[in-house]
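We have chain G; now place chain H onto it with these hints.
Top line first, the protein sequences correspond to chains G and H.
All residue numbers for the first sequence refer to the working numbering, where the first residue is 1 and numbers rise by one.
All residue numbers for the second sequence refer to the working numbering, where the first residue is 1001 and numbers rise by one.
Hints were generated in silico from the structure; no laboratory data involved.
Heads up, the beta-carbon is just placed ideally off N, CA and C, and yes, glycines get one too.
Careful, some of the hints might be misleading.
To list a few chain G residues with every Cβ distance to chain H over 10 Å, as calculated [to be verified]:
no.	residue
1	F33
2	I39
3	V70
4	A112
5	P117
6	M178
7	P193
8	L210
9	P243
10	G281
Which bits of chain G does chain H cover? Going by a derived footprint, with three or more residues having C-beta under 8 Å, they are [said to hold, decoys possible]:
no.	region
11	219-230
12	234-240
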Amino acid sequence: MTQSPDARNRSSFIAEKLMHFLVRYGLMIVIAFLFFGLILLISGEDPIQSYRDIFTSTLGSSYGFSEVVVAMSPMLLTALAVALPSRLGLINVGVEGQLYMGACFSTWGALAFSNSPSWILLPLMIVLGMIGGALWAFIPGYLRALGLVNETITTLLLNSVAPMIVSFFVFGFWHSPMDTNKTPNFSPSARLPKFFDTRIDLSLVIGLALLVLFWFLMRYTRWGLEMRAIGGNPLAARRNGIPVKTYLIAVMCIGGAIAGLAGMTQVSGYYGVLLVNFSRGIGYMGFLISWLAGGSPLGILLTSFVISIIFSGGNLLQLTRDLPYAVINVLLAFTLFVVLARPSFLINRKEA
Amino acid sequence: MPKLLPPESHPTLMISMREISKTFPGVVANDRIDLDIYRAEIHALLGENGAGKSTLMKILYGFYRADSGRIFLDGQSLSIQSPHDARLAQIGMVFQDFTLIPAFSVAENIALFLPDLGAVLDIKDVNLRIEQLSARYNLKVNPHAMVSELSIGEQQKVEILKLLLSDARLLILDEPTRVLAPHEVDALFQVLDGLRKDGLAIILITHKINEVMECSDRITVLRRGRVVGTVPQPDASESMLVEMMFEKKLSDVEVSRSVIRKGALQPLLKLHGVYTRSEGLGVNLVDIDLEVCPGEIVGVAGVSGNGQKELGDVVLGMIKCLKGTKNLFGKGVTHHSIQRMRKSGISYIPENPLTMAAAPFMTVLENMAVTKTWRYARQGGLRMDWQAVMTDIENTMKRMGFSLPWYVPARSLSGGNLQRMIIVRELTHDPRLIIASYLTRGLDVQSTIAAHSALIQARENGAGVLLISESLEELFKLSDRLIVLYAGRIVGRFRPKETDSYEIGHLMTGTKVQHDTKS
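Isolated chain G (complex conformation) (with noise of 0.2 Å):
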């Protein structure tokens, strides 16, 4: 057995990978600072100066690191919906509508019995929530598999529909007696326990858990292993008699249900009530991150990490320094843009 050089070219493909990796988050956090730079000294404000408090108000505090716990939850979860059927090639534009679906089927449950002690009531709405994005996710799912229709086509435009549905249910039948566009307040039963204090609820649990998880799923187990294949080349998996259709439709249901999962969370762990449009993005932010971060869970962890304190601070900015929420935007933007041109001058590409 010639064990050793195999072994040893291993581990240099490994370091190899986690040196492109550094590079990349590394680059990305330059250039989101200096972009960001630019546009405060154009506002006419001082950059070092408004650095300084962004520092103090996210990781220089408990309770800004809080916050910024609290804004990365969520995103987790839907970068996860989008990063696990990408791993066969599928890209799920759809989780902001997989999102407002699972959060109207588990406002229903929470509506309907919320005299159920939690217990119970919880794990209802959790079902529920990833029910609806499942079925949400199922349409564009079966449609691909039949060869149909292309999947980016119809998450992207199933989106439009799902806040309509959640707006419809609202106003029409769930709406409290004070307020037309939102649900009665849940009932304690209906909420998701909190830590420490914090507004960080049980949802961060949830996507660390699913991030190893999905780690897990594709480094040792059977399915990680048929995913990669069909990943790398669908045909060649169809030939090796590797179930592609089933896959296609299970992965994206699957998908779905996590974003249903992220839905949940958020009216039940942040909101604690359905409001109508509430989600500002959060299901488009998860399919950046997760492209940014290449599909990677720890990836995942990280760039939700800089994005939530890029979207706090922006908070603080905007509450400061009279700057307009639309910086943050034009910042992500412009991060975006410079992550995936991947400048080649800083990352050898082997591939070409």
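Just chain H now, with coordinates in the frame of chain G:
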């Protein structure tokens, strides 16, 4: 400077390569190679896979840059940094995979390549030049035809015309006969002969010794990146060239023609009246009746693109039968999934290992396991037993004398190793029915023999083999029965003894055989 006198006349020296070296990570592809090319000669570059032939020629064409060494043109030092430089020096190359644009006509494809292409395309002038040249060298192609409608042989003619129209004086052909039917090979050699008479130099990269003996003037043999020697054709013999290529003499496979136990046993595979409809550019199979019995190799001859791929795919279940039935081991399996077919003991070596069988970014080890994941899954699928994969695969590799690294991604393997990987994977676990398309494509002589022996071994053990190939030599050597595919139909069924390559070649290309009356 020339080490050898050119044969017959004394043409002038055209290109000299001196001390050319090129290393790739882990491999010395070319090690101080000297090569002289004269005007008006056909120079064969012979060597097994990985001997460095293609690398050397890609250096000459500017595709790679040599680590050291120099190239001289007419005694002048020449710097070739890119294919553009090579074309300025009147060097042209026909690659294994053609570079034509299918949606363009022949004339448009050629015009694109012309160095003096004007801002406004004068397609009439191009047409005229194509017609003149093709008449002169017997390279008949319709300039108005779409490339997508041309056969592989015609596409090759277009590639050659393209180079001639751009004034190339040295043509490099990389394994030009790989995709051609026997009579097309003869036609190609006649064309090359005509070009030589007009003073052009031709370099032929190949590992087929009989072709080398047939058409070349001088032969340079490479082995492991070094020149073993250059011999004029009259002085060479096949056994001598084999010895130069491999150091040691190789014993070819012994093919014992087993008595076909047909009738006594039920056929493994039976297709009855199968029709398919394919998507895109594929061929539709029409009324296919086919049986493969245990202990039998059924050869499928045909020019590539006449339904071979579809035949393999329909047996596997990749394509649905539109009409007709499919039986495996006596049971109806017309609508079974690929997974079920694989589980019941079918294995499939498709024509293109990289695009049709492998997951390029997964390691060799992982690729070895993907067809048999159910077999290696432990704890209900939570874990894969990689040790068991290695043990099984290593057995097969030992039997065939192959060795492959485990942990490199499949796409970093050379074409030959990729093919070996798929062969090893598909022949492990004693399959009962093997569909092998272009089994030895990209393999050197030694590996070819190993692959053939493995097939024969499988046959002795009672497996059935459907051997799809373009090499008639291979088909005649291995097959117990032969069928010929043309345009999706079976146009001939033979015992190898009842026919010859001439007859099959004509059936393969849909042309009439004068002396023959069989359908």
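Okay, the hints, checked on the actual structure:
1. With a least CB separation of 33 Å from chain H, F33/G remains clear of the 10 Å interface cut-off, as annotated.
2. Every CB of chain H lies more than 10 Å from the CB of I39/G, the least distance being 38 Å, so the non-interface label holds.
3. Even its closest Cβ contact with chain H, about 33 Å, leaves V70/G beyond 10 Å, as expected for a residue assigned away from the interface.
4. Look at A112/G: its CB is around 36 Å from the nearest CB on chain H, clear of 10 Å, so calling it non-interface holds up.
5. With a cut of 10 Å on Cβ distances, P117/G stays outside the contact zone with chain H, its closest approach being about 33 Å.
6. Distance to chain H confirms M178/G as a non-interface residue, since its nearest Cβ pair spans about 51 Å, more than 10 Å.
7. Taking the minimum C-beta to C-beta distance to chain H, about 30 Å, the non-interface status of P193/G holds against the 10 Å cut.
8. No Cβ of chain H approaches the Cβ of L210/G within 10 Å, the least distance being about 16 Å, so the stated non-interface status holds.
9. For P243/G, the requirement that its beta carbon stay farther than 10 Å from each beta carbon of chain H is not met, with the minimum near 6 Å.
10. Residue-level check passed: G281/G sits 31 Å from the nearest beta carbon of chain H, beyond 10 Å.
11. Counting residues of the region 219-230 of chain G whose CB lies closer than 8 Å to any CB of chain H gives 8, so the stated coverage by that chain holds, three being the minimum.
12. For the region 234-240 of chain G, the proposed coverage by chain H is satisfied: 6 residues have a C-beta within less than 8 Å of a C-beta in that chain, meeting the threshold of three.
Of the numbered hints stated above, the single one contradicted by the structure is hint 9.
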